[in-house]
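Engineer: The chain contents come next:
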Amino acid sequence: MTLAEHIHYMGPALTLFVGAVLVLLADLVLGRRAATWGMALVVVAGGLLWNAAQALAGTSGEALSGSIVVDRFSIFVTFIIFVSAFAVIAAAREWLSRLDGDAEFLALLLISAGSMALLVQSNDLITLFVALETTSIAQFIMAGIAKSDKSAEAGLKYLLTGAVAAAVLLYGFAFLFGISGTVSLPGIAEFVRSGPESQRLPLILAFVFIAAGFGYKMAIAPFHAWAPDVYEGSPAPVASFLSVASKAAGFAVALRVFYTGLGGGDTFIAQDWAMLFGALAALSMVFGNTGALLQTNARRLLGYSSIAQAGNIAVGLAAVAAGSTMGPSGVLFFLGTYVATNLGAFVAVTAVAERLGTEEIEDYAGLMKRSPLTGGVLSICLLSLTGIPPTAGFIAKVYIFNSAIAADQMWLVGLVALAVVNTAISAFYYLRWVRTMWLDEPKDAVTFRPAGPTQAVLFVAAAGVLFFGMAPTWLITAAQRAAETLL
Amino acid sequence: MLTTFLLLPLGGAVLAAFLPHDRERDARWIALTFALAAFAVSIVMFIRFDTGVEGYQFVDSFDWIKAGDFNVRYVVGVDGLSAPLVLLLGLLSVVSVLVSWTIDVKPKQYFAWLLLLEAAVAGVFISLDLIQFFLFWELELIPMFLLISQWGSGRRLYSATKFLIYTLAGSALMLAGFLVLGFEAGTFDIARLTANPPTEAVVPMAAVFWAIMLAFLVKLPVFPVHTWLPDAHTDAPTAVSVMLAGVLLKMGGYGILRIAVPLMPEQAVEFQTVLATIAGFSVIWGAIITLRQTDLKRLVAYSSVSHMGYVLLGVSAMGSMGFAGAALQMFTHGTITGLLFVMVGLVYERTHTREIARMSGLMHRIPILGIGMVIAGLASLGLPGMSGFVAELTTFLGSLDAHPTATIFAIFGVVLSAGYILWMIQRVFHGPATEEWKHLKDASEWWEFAAIGALVITIIGIGIYPAILTDVVEAGVAPIAAIVEAVS
Numbered sequence: 001m002t003l004a005e006h007i008h009y010m011g012p013a014l015t016l017f018v019g020a021v022l023v024l025l026a027d028l029v030l031g032r033r034a035a036t037w038g039m040a041l042v043v044v045a046g047g048l049l050w051n052a053a054q055a056l057a058g059t060s061g062e063a064l065s066g067s068i069v070v071d072r073f074s075i076f077v078t079f080i081i082f083v084s085a086f087a088v089i090a091a092a093r094e095w096l097s098r099l100d101g102d103a104e105f106l107a108l109l110l111i112s113a114g115s116m117a118l119l120v121q122s123n124d125l126i127t128l129f130v131a132l133e134t135t136s137i138a139q140f141i142m143a144g145i146a147k148s149d150k151s152a153e154a155g156l157k158y159l160l161t162g163a164v165a166a167a168v169l170l171y172g173f174a175f176l177f178g179i180s181g182t183v184s185l186p187g188i189a190e191f192v193r194s195g196p197e198s199q200r201l202p203l204i205l206a207f208v209f210i211a212a213g214f215g216y217k218m219a220i221a222p223f224h225a226w227a228p229d230v231y232e233g234s235p236a237p238v239a240s241f242l243s244v245a246s247k248a249a250g251f252a253v254a255l256r257v258f259y260t261g262l263g264g265g266d267t268f269i270a271q272d273w274a275m276l277f278g279a280l281a282a283l284s285m286v287f288g289n290t291g292a293l294l295q296t297n298a299r300r301l302l303g304y305s306s307i308a309q310a311g312n313i314a315v316g317l318a319a320v321a322a323g324s325t326m327g328p329s330g331v332l333f334f335l336g337t338y339v340a341t342n343l344g345a346f347v348a349v350t351a352v353a354e355r356l357g358t359e360e361i362e363d364y365a366g367l368m369k370r371s372p373l374t375g376g377v378l379s380i381c382l383l384s385l386t387g388i389p390p391t392a393g394f395i396a397k398v399y400i401f402n403s404a405i406a407a408d409q410m411w412l413v414g415l416v417a418l419a420v421v422n423t424a425i426s427a428f429y430y431l432r433w434v435r436t437m438w439l440d441e442p443k444d445a446v447t448f449r450p451a452g453p454t455q456a457v458l459f460v461a462a463a464g465v466l467f468f469g470m471a472p473t474w475l476i477t478a479a480q481r482a483a484e485t486l487l
Numbered sequence: 001m002l003t004t005f006l007l008l009p010l011g012g013a014v015l016a017a018f019l020p021h022d023r024e025r026d027a028r029w030i031a032l033t034f035a036l037a038a039f040a041v042s043i044v045m046f047i048r049f050d051t052g053v054e055g056y057q058f059v060d061s062f063d064w065i066k067a068g069d070f071n072v073r074y075v076v077g078v079d080g081l082s083a084p085l086v087l088l089l090g091l092l093s094v095v096s097v098l099v100s101w102t103i104d105v106k107p108k109q110y111f112a113w114l115l116l117l118e119a120a121v122a123g124v125f126i127s128l129d130l131i132q133f134f135l136f137w138e139l140e141l142i143p144m145f146l147l148i149s150q151w152g153s154g155r156r157l158y159s160a161t162k163f164l165i166y167t168l169a170g171s172a173l174m175l176a177g178f179l180v181l182g183f184e185a186g187t188f189d190i191a192r193l194t195a196n197p198p199t200e201a202v203v204p205m206a207a208v209f210w211a212i213m214l215a216f217l218v219k220l221p222v223f224p225v226h227t228w229l230p231d232a233h234t235d236a237p238t239a240v241s242v243m244l245a246g247v248l249l250k251m252g253g254y255g256i257l258r259i260a261v262p263l264m265p266e267q268a269v270e271f272q273t274v275l276a277t278i279a280g281f282s283v284i285w286g287a288i289i290t291l292r293q294t295d296l297k298r299l300v301a302y303s304s305v306s307h308m309g310y311v312l313l314g315v316s317a318m319g320s321m322g323f324a325g326a327a328l329q330m331f332t333h334g335t336i337t338g339l340l341f342v343m344v345g346l347v348y349e350r351t352h353t354r355e356i357a358r359m360s361g362l363m364h365r366i367p368i369l370g371i372g373m374v375i376a377g378l379a380s381l382g383l384p385g386m387s388g389f390v391a392e393l394t395t396f397l398g399s400l401d402a403h404p405t406a407t408i409f410a411i412f413g414v415v416l417s418a419g420y421i422l423w424m425i426q427r428v429f430h431g432p433a434t435e436e437w438k439h440l441k442d443a444s445e446w447w448e449f450a451a452i453g454a455l456v457i458t459i460i461g462i463g464i465y466p467a468i469l470t471d472v473v474e475a476g477v478a479p480i481a482a483i484v485e486a487v488s
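Sequence lines, in order, name chains A and B.
Using this note's numbering, you'd call the opening residue of the first sequence number 1 and step up by one each time.
Using this note's numbering, you'd call the opening residue of the second sequence number 1 and step up by one each time.
It cannot be assumed that every hint is accurate.
[Stated by the list, open to error] Here are the simulated lysine-lysine pairs, DSSO-like style, with alpha carbons at most 27 Å apart: (1) K66/B / K443/A; (2) K147/A / K157/A; (3) K162/B / K369/A; (4) K106/B / K162/B; (5) K369/A / K106/B; (6) K443/A / K369/A.
Hints are computed from structural coordinates only; laboratory data are not their basis.
Source: prediction; values computed, not measured.
If we strip away everything but chain B, and leave its shape as in the complex, we get (with noise of 0.2 Å):
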């Protein structure tokens, strides 16, 4: 199942690409065709899948590489912490392809690497063995780089350029962490490292977990390398600004959760005030810097950073709870910042600037786009009811008595972002109507309908009914919070 997963966008991006030159149009139809299949299958997964059951589901496994001492296996499957994320993706896949329908320029290049994106993240989330994680860690690179570059706006090349140099030099000593842990278990397989991680090397254990943690840390992203993230997010389309937050951001988070606490708990439970302290200084400094911002997309960018730092801030707490609410986090994040950054899209191609000091009571103007935003960003800011409040509250119950300080600086930080998603809100939406923007017009076309609904019924559903979600990832942090309290 995972595989057909993984399949039908490798399979679409092929197909796309191969279109002949008059229809380049229908590329949209492909991409949308075989998104909706591959979400369909997430979300069969979803339903399946079983909380009672320990250890991955869905497994699928074959011998990639077997040549004497050096075995790769491909093994992909499921737990409570990636099975939502697949899920995500799934849906956020639909969702991009919905918001690039008029994309116009070279539509068949541009279907086919997103669906390539797709297939390389879905390759992340669902990979058991390290080397194969490694290789769709950095299969993302290429299709997230020129989509960026060639459908993006403004100083598209240097952001695309500042990503892919941010991430290569992140994921470079990973491989070499990687490939230590490998040796010392004597395997690269994730259930059976998980099983047995190895307690020493012939370098330390502390600078394979840095080695490891670096690349996780600069994908999250959290201060003080995070700097490619906004530029990445302003200049990118819309599309893929809603898969990098939504999705490419939560690699990081899940490499955390799923290679670098479980291999190394020893280490990891060691640096968990360090990693507590970059997370609570993560989400104040992300918080402060959006609110100094005067671009739209770029408001929203900084506060994932700012978001982001609940995860780690969770993860640092090393116990259930915590771990919880850091995946809980994700999954919600990827919902409600992809609804942010499809609002935000929507609202740049009517207005078609992103200065919010020259947008005013556009509420009048676009309503329907204008209560979308409303609902992202309440449930950004952690409104009860919306599925952000029941990640963040998990999240700082987990954290409050590992890390009281930054858990505070972490609430702290819910504050502001209170205050400058309100602020936008009203800067943009409220105020009095200007004559500049009566000539707008609102959503009204299906696929903009699709893609808001989707999201927002996502958003509120989970709000209401948080179990859906909450009893998969509590099936999923187990075992990991278990490897954690037993060094500890």
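Just chain A, same shape as in the assembly (with noise of 0.2 Å):
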């Protein structure tokens, strides 16, 4: 394999890496914050570029002695991953245009985003660690980044959290290499395939620490306890790229682990992996329904609904162990959609935040009237979040919903009635916001309008949460294409 081949494979990630240094060196020689900005978003675009390049050549196989591997899989989440860094960036220009060192939170953005297109395509639990920890390093800063009180609380707690989830992390890795004499997944998976069932107890204990790690990242119930501080505390575009990236890549991950690593859904241990998703799915549902019905500040209720939209995706995790194959295609077709929903969601409350001062639910009172395209976006993303047809969450549901039935189990079914009962809860709290935007009148008559660049990522979200809800055969058929290199 030649060096080019290497960096063929690893090509969007490096794309970022180095983008991150160009962008520091612009900063120097140039110093505009204006030329910074777009080359930043240069770079996200090269990124995706060649991402696109490796889809269409149908680019495959193992690179550095089989610790990175190059699949569909891969390809899709890293798309996914760029696609919301590259909308956060964009987003963030007013921001960014009063960030001292705007330069370094872009820099560490790209590092962030790039560590999570080499996490999704690492193939051994020590690439796997490292990458997770670039990416996280990257994001505690991030999360402090703005001189505030806040700020600086919510990049402690997501530091000192996240430093107790990759302790546990690392314990069950060192766990699962103690058993299987290999760091390499699917050397793992070939062990744990041979059924060695006295490792059984030692498997169980590793798979729970590797999932509470993961977790952290999936912002899953009961490891959820620092999102929605984090998402109230910690600068709003960081607030949406953890709300998506960092969620997409920890499910895509989780995936990895346990569907390549673990061996999949036939093994003497799926079934009880399975369960372990399966009882984490309902926490989460029930956690985050019960936290956001509470809330009244808009960044907070995004953090406890997407612990109990995790909930929702863990769904098909549940459903991958049990023998399902639209399993992971339903982790992965949700997660598409959920980027478009989620981030149009945080991107008005950011827009709502910079023109108004505010983050209170109540001072959403008569948004339709102050900023149409802000009111509706954000309305199109709720009744996303909700499930209500025509926008993709509906479908996301439906499908991965179905792929929970189509395992073909009792405690299954049983997990879905709960999910969809759990629906009907949220309904509540997110169509309380809906309504408050549409039917309460204004406190004045201060009218709006986003800036250039967040009134197009807005206007792309939605018009991405409507497409997908009326015409989502090809972002299904491209997360089923995915899955497929995960069996």
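Bring the two chains, given one by one in their own frames, into a single complex with the hints.
Structural biologist: Written out as structure tokens, the structure reads:
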């Protein structure tokens, strides 16, 4: 294998790493905020292009002696992550123009997104851990980068919980290595498939620890406690990045480890970890929804909502191990639609905060009169989070619940029943918010327009939510083909 | 043809929504045009409907989602069960546009949502795929919620929210039920599911049956999940009450006959006594509560609970006569209660009160509206010669053998309904003419006459010549009855 091939396989991630350095240099040389901002966008676009080239060329295979793997799965998830990074950067234009150290922020974001791409390409435990830590460390700094108490608190909280999660994850990896004698995911899979019944208990311990470590990234209960605080306290662009890209990467890497690494759905422990994720899903939906019901702050509500949504996605993970082939594609499709939906919601909230200086939901009264675009997009995204047609969230829920039913197990039907009841509960707080925007009278006659790039992001997000709600075949097929490579 | 029926209101909604601000009032003309066009399509469909043909007619279909194991088709079609409901929807949509003629608060949005509501309900009646059915079922929520909460009166926000929560909570488990059925049968296509219904699943079929039934019973509605209905009705604008009573409630009865019974016939037969008991109780309870109402609109609203009980009673008989009665009752109740709500709305526009006690001798002041109300009232209590009679008689004949006790209770409900209807007419329209209502203006606008006329003609027409409807309905319920008979 030539050096060029190694580079090609890791191309999208490397583009962002090199781009991070270039952005810092550009800041030194040019010193203009618009230039660094534009450059960061170009870099992510470059990464996306490379990613697209890999997809079109059907690139697949291992690099760096098997520690990195390129397949449709990694290409799909990388695409999601880079798209969200692009949107976050685009929408952060105004905020960046006020920030000390905007170039540093952009560089960190590029590094974080690049590491996520490596994370989903990782094929052994060590690469995986290094990529995970790189992306996390960049995020810790980003969460605390605004010079305010809230931001510092968010950064510190994120760091402390993150450190614990990393330690627990590493502990789980150590177990796995100890039992199987290898760090390579295919190697571990081979060991698990050979059916070492005597190792059942250590294996269960290992994957419980690993699920806890990843659960932190996914913001799934009971590893969710950081999410509302960090979503509320960290700067808005960071919160939106965490809520979509970080969650997508967390779920993707969990799919990779549990599917490729633990041998997929037909091993002797598959049912055990399926039940584990089923329990996490149930907890997450219940905690997230009950928490969200009480919130008055928009970003805190989205924080709890993202915990509840993690529960929905985890239904797909539970179905994965139950032998259903639809499970992983359900997770991937849900993540794809979730990125558009949650980005739209977060960017709209950010736009309101920029213009009206408030994040309290009661101040959203009459938003449809103040800014029809912001209010309209936020409404569409909230409907999608609820799962009301014709939005993408509706199809995503139907699809992922269907994959769980297709596993043909009674407890999964029960889990789906719990999930649909939770959907009805979630309607209460999502639609209450929509109602405030449409029906309540605004306190004053102030109208506003979000900044140009923000408008574009809002528009594209809403268009995506509606498009994938009405014509989802393409995205589902892509998710299915990506999921096939895990099998 | 049915796709056109679905797209016309949708197109009208988009067009109305994008009207320029200074021509906002013209939204009503757009709405009327598109509602009339859709009505015309439904009439043509109904005339060309062939009762001799088995299965669905006017079928359109294409693959909507085709991805590996997950296939959802867009399939629309009608049979004798849904064809009358499509016609009813076309008619009532025109009527509700007419009675909204003077809406001047945000007319663009109002008419756009109203047309969207029509499209969503149309989707429910013509969908032949479970997922597609569920999609339209949920799609109807948002226009309904906004129509009540923005253009309603009284505690409109409370009522709209209550409506939303009841419907969402009711239909949540329906999705789980649909997914289980779809998985067991390997298809979401209703025609194929009906031909080959799954007999067992990983969970007890009884659980699936009730998960799906719950959504329909809430929508119908029956005691004890009916409490959203009076609130929603009372606070909704007239046109929305017409749509709600006229077609939205029918989604429940239609769902039972289209999905719950033919797809799970064993469970339907097994639980028929439970259903009959709920139905009988609902009829009586609804009627007793209606008797106690002091608000004209609430009275009509509660009478719907009682009358929709007949639908469930007919279904619970699990035979072709009962099914036909239920299907007829759905159509006739749609026209009759539609007319009642139109009349109540028109009276309220003049008197600005719905207190029955405050009104007296209105027949002297507004004779045309009074006569309209009397016709609607008489039809509602099932007077022979009007459409309500045919439906109720068929229902009772169908259910008497299967569930004599519940039927007798229900017949007693008819007596009560005669009581509350006649008492209401006597208090409001007869009695001494008071000074307070001296200046009331009778119906004089063309749109008032058009709305009243269309409904009165339908009600009397079907009363005199019921075969126009019964033939179609009997053709529609025969296959369902055959499925049920095969298992019982």
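Engineer: Output the indices of the hints that this structure fails to meet, ascending.
Structural biologist: Structure breaks hint 1 only.
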